[in-house]
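Chemist: Sequence:
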Amino acid sequence: MYSATEDLTLYSGAYEQCRRQGGMVAIPRDEEEQQNLVFLKNCVNNGHPFWLGIKKIAGVWSDDSGTALGNFTSWAPGEPDEDKPCSYIVKGDHEVGERRDNWADTYCHSGFSYICEIEVQPDHTVPPCSAAATASQRADDGSVARVATIAGSALASIVLAHVVLAYPNMFG
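All residue numbers for the sequence shown refer to UniProt numbering, where the first residue is 1 and numbers rise by one.
Calculated directly from the structure, the hints in this document are not laboratory data. Where hints are given, some of them may not hold.
To be verified - The following label-pair restraints were derived from C-beta to C-beta distances: (1) 98 - 20: 11 to 21 Å; (2) 119 - 94: 29 to 39 Å; (3) 12 - 119: 16 to 26 Å; (4) 29 - 108: 20 to 30 Å; (5) 67 - 22: 17 to 27 Å; (6) 94 - 67: 16 to 26 Å; (7) 97 - 66: 32 to 42 Å; (8) 73 - 109: 17 to 27 Å; (9) 108 - 21: 13 to 23 Å; (10) 58 - 10: 18 to 28 Å; (11) 98 - 22: 32 to 42 Å; (12) 97 - 21: 27 to 37 Å; (13) 77 - 110: 13 to 23 Å; (14) 70 - 119: 14 to 24 Å.
The beta-carbon is built from N, C-alpha and C at its ideal position, and this holds for glycine as well.
Required output: the full structure, derived from the provided sequences and hints.
Modeler: As structure tokens, this is what we get:
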């Protein structure tokens, strides 16, 4: 399950928020997962960059547990370009050309949106997806959440995107 927010935060803030939800900052491990995350990111806000859960640790791109990044990467042309320790998915609007929706390195004190990857518990039932769909829900605290399902992939039946919006009245 993925939980995305357009709130801008430092990498440490994204890491803590994802940890509180029982997950981690999302890491695409293959092209299909990359496309699912890009789709979700652009549904939330295609004008924002989004943190990746990949950091440079002792010169090696790794997840927060220290496990080295596998064979899949989606670095933008010329990236990673410097000795910056954090990474993100470049914003998806028309102004960024061939860099759009690919990875880049940056400093961890930048302010970006983020997607949490949360392990679905065995007793958690997610309805199957027949098409990309969205709906609004009002949470107990009065905020509005947008729930989206992603169709057209092997992950479709297990991916539930819970998009927390910063503007509660938008879908009220």
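Chemist: Which hints, by number, does the structure contradict?
Modeler: 1, 6
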